[in-house]
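Peer 1: These protein sequence lines map, in sequence, to chains A and B.
For what it's worth, our numbering labels the leading residue of the first sequence as 139, then goes sequentially.
For what it's worth, our numbering labels the leading residue of the second sequence as 7, then goes sequentially.
Please note that a few of the clues may not be correct.
If you only want the chain B side, here are some residues facing chain A, beta carbon under 8 Å, derived [unchecked claim]: (1) Leu73; (2) Cys79; (3) Phe93; (4) Cys108; (5) Met111; (6) Phe132; (7) Ser135.
I should point out that these hints are in silico values taken from the structure, not numbers from a laboratory.
Glycine included, every Cβ here is placed at the ideal spot set by N, Cα and C.
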Amino acid sequence: MTAQQKTTVYNVPSRMSSWQKTYPRYISVVSIGCLLLLWELICRAGLVSTLFLPAPTQILTALFIMIADGEVGLSLVASLYRIFLGFVCGSLLGLAVGLVTGTSALADRVGSPLVNALYPIPKIALLPLFILWLGIGELSKVTMIAMGVFFPVAMNTYSGVKNVDTLLIKVAVSFNATWGKIMGSVVLPNALPMIFAGLRLAAGTSLLLLVAAEMIAAQVGIGALILHYGDLMITDRLMAGVIVLSLLGLIFNLLLQYLERKAVPWKQ
Amino acid sequence: MKLTIEAVSKTFVNQRGKSLSVLEDIDLTVNEEEFVALVGPSGCGKSTLLNITAGLLEPTSGSVRFLDVAPGCVPRHAIVFQETGLFPWRSVEDNIAFGLECLGMEKAEKKERVKHFIELVGLRGFETSFPHQLSGGMRQRVGIARALAIEPDLLLMDEPFSALDAQTRTIMQEELVTLWEKTRLSTLYVTHNIQEAVMLADRVVLLSRRPGKVSKIVTIDIPRSERELPCYAETIAEFIREIWEHIAKDARAALLEVEE
Ligand SMILES: Nc1ncnc2c1ncn2[C@@H]1O[C@H](COP(=O)(O)OP(=O)(O)OP(=O)(O)O)[C@@H](O)[C@H]1O
Ligand SMILES: [Mg+2]
Numbered sequence: 139m140t141a142q143q144k145t146t147v148y149n150v151p152s153r154m155s156s157w158q159k160t161y162p163r164y165i166s167v168v169s170i171g172c173l174l175l176l177w178e179l180i181c182r183a184g185l186v187s188t189l190f191l192p193a194p195t196q197i198l199t200a201l202f203i204m205i206a207d208g209e210v211g212l213s214l215v216a217s218l219y220r221i222f223l224g225f226v227c228g229s230l231l232g233l234a235v236g237l238v239t240g241t242s243a244l245a246d247r248v249g250s251p252l253v254n255a256l257y258p259i260p261k262i263a264l265l266p267l268f269i270l271w272l273g274i275g276e277l278s279k280v281t282m283i284a285m286g287v288f289f290p291v292a293m294n295t296y297s298g299v300k301n302v303d304t305l306l307i308k309v310a311v312s313f314n315a316t317w318g319k320i321m322g323s324v325v326l327p328n329a330l331p332m333i334f335a336g337l338r339l340a341a342g343t344s345l346l347l348l349v350a351a352e353m354i355a356a357q358v359g360i361g362a363l364i365l366h367y368g369d370l371m372i373t374d375r376l377m378a379g380v381i382v383l384s385l386l387g388l389i390f391n392l393l394l395q396y397l398e399r400k401a402v403p404w405k406q
Numbered sequence: 007m008k009l010t011i012e013a014v015s016k017t018f019v020n021q022r023g024k025s026l027s028v029l030e031d032i033d034l035t036v037n038e039e040e041f042v043a044l045v046g047p048s049g050c051g052k053s054t055l056l057n058i059t060a061g062l063l064e065p066t067s068g069s070v071r072f073l074d075v076a077p078g079c080v081p082r083h084a085i086v087f088q089e090t091g092l093f094p095w096r097s098v099e100d101n102i103a104f105g106l107e108c109l110g111m112e113k114a115e116k117k118e119r120v121k122h123f124i125e126l127v128g129l130r131g132f133e134t135s136f137p138h139q140l141s142g143g144m145r146q147r148v149g150i151a152r153a154l155a156i157e158p159d160l161l162l163m164d165e166p167f168s169a170l171d172a173q174t175r176t177i178m179q180e181e182l183v184t185l186w187e188k189t190r191l192s193t194l195y196v197t198h199n200i201q202e203a204v205m206l207a208d209r210v211v212l213l214s215r216r217p218g219k220v221s222k223i224v225t226i227d228i229p230r231s232e233r234e235l236p237c238y239a240e241t242i243a244e245f246i247r248e249i250w251e252h253i254a255k256d257a258r259a260a261l262l263e264v265e266e
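Isolated chain A (complex conformation) (with noise of 0.2 Å):
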């Protein structure tokens, strides 16, 4: 070896900076800015007919012609009253019935195997029927809704049910606890989690069902708003009514967001 050998300076690198980056929350803003102008470039240069797809700016004007008329408006209220009453109905038959399946061994063996062949069933397939059984009028629509809220709510309450720290179980018990006390100290509490994780779920599909119900068999309403500017080819009108839409989704989902931060504290 000799005395001097040559040497150099090695920074060791931040090697987890690329899984870790943050951006600040504009970025979303701007980037679906540009994506916006991008769609409304292309139209007023003409390169697609604003029949097959209208410009933002023309939408907007649609929509709000569409609210100044009051036509939203009264196609909203239908919707709500059957999208709330039918999530309304078939989460808390569903959280119903995913406690007591999830808690009681016999109901386990009788509901579980019931459950499990109706939920793959598309909902929508039924409408037929329940026009048959409950008329054409708003109960089959409701209906048809809570059945496919139904299912993800309960089967996610029953899972979140099921894996109950059998320790906490025993610290209850440790301390007398009554049965009701652990249904509502321990079981649901611990379910939590899991049954707000189904009602989004089932958030989406209700709007799903919604939609689809609404333009099968209903004069009033956004999915019969929609099909209606379909078959007269308006399609600024037309996608005016898929923005409320996808507006409704996006509220309902913060809604429900809102209610599990102030359900579930103990998870940040």
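Given chain A's structure and the hints, the job is docking chain B with the ligands onto it.
Peer 2: Frame of chain A; chain B with the ligands shown alone:
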């Protein structure tokens, strides 16, 4: 009031029908205001015995009972579990209040009691924290406060400090001594740490390796609060050596069994 465990045996039968004898013919008494430590190698059935004592597990044979019970009084157990068992969805104060809720205590009294025990275990300022926001030692203290809050007739503790680091553990041991002197609850304390058993207990009960049997009972006749003093260091060391020699053979055999 005192607790007696009479001729308790426990055999587990697994799904394939193979049976495993875990406890054999255990006789044990915990007298009023006595601190009994249960020491034994890993897997000898300490947790099983504790669960049986608390009525959370059925013994295959034998019985557990309280003697000299005042008429009309239902003895209460409280357990501090090996894995804390705090409710993740309850804040510190609500965790401590759980046992009181089960007793149907009214609101004002409950609040008062919870406050007292939060102060006793030194958790003031953390009342509304959730368990995941606490350190391991703090969590264990919540578990202890929750057990003490119902003012039990018998306190059962299953290696409450086993998940803690050595320093915290020593501090918690000292705290437990002070706490215990304040409450003087009849206590059955499970540990595999001999030094801990000698520092805390009036009597140390040694369990042999599977099937667990009581193989020796050592009475530690030094006042608890003076065991830290240098003048007793030698006597303490002698107790530890005596117990260690008694169970070393068992412990080595247990290790070999695991390695097989
Ligand atoms: N539910 C069960 N079913 C079958 N075997 C069990 C069950 N619970 C415990 N055992 C067996 O009983 C033996 C004693 O278990 P236990 O948990 O009482 O040991 P322990 O003395 O508390 O050990 P450690 O010091 O490691 O906590 C173990 O061999 C274990 O495999
Ligand atoms: Mg154990």
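Peer 1: Just to be careful: measuring from the Cβ of B/Cys79 to every Cβ in chain A, is the smallest value less than 8 Å?
Peer 2: violated, 14 Å
Peer 1: Answer holds if the nearest beta-carbon of chain A is closer than 8 Å to that of B/Phe132; otherwise answer violated.
Peer 2: violated, 14 Å
Peer 1: Please check whether B/Met111 passes as an interface residue: C-beta within 8 Å of a C-beta belonging to chain A.
Peer 2: violated, 12 Å
Peer 1: Minimum Cβ distance from B/Leu73 to chain A below 8 Å?
Peer 2: violated, 21 Å
Peer 1: Is the hint on B/Cys108 kept, meaning its closest Cβ partner in chain A is under 8 Å away?
Peer 2: holds, 4 Å
Peer 1: Please verify that hint: B/Ser135, Cβ, nearest Cβ of chain A, below 8 Å or not.
Peer 2: Not OK, violated: B/Ser135 not within 8 Å of chain A, min 10 Å.
Peer 1: Per the CB criterion, is B/Phe93 less than 8 Å away from chain A?
Peer 2: The hint holds - B/Phe93 has a Cβ within 8 Å of chain A, the shortest such distance being about 6 Å.
In this structure, the earlier hints numbered 1, 2, 5, 6 and 7 are contradicted, and the remaining ones agree with it.
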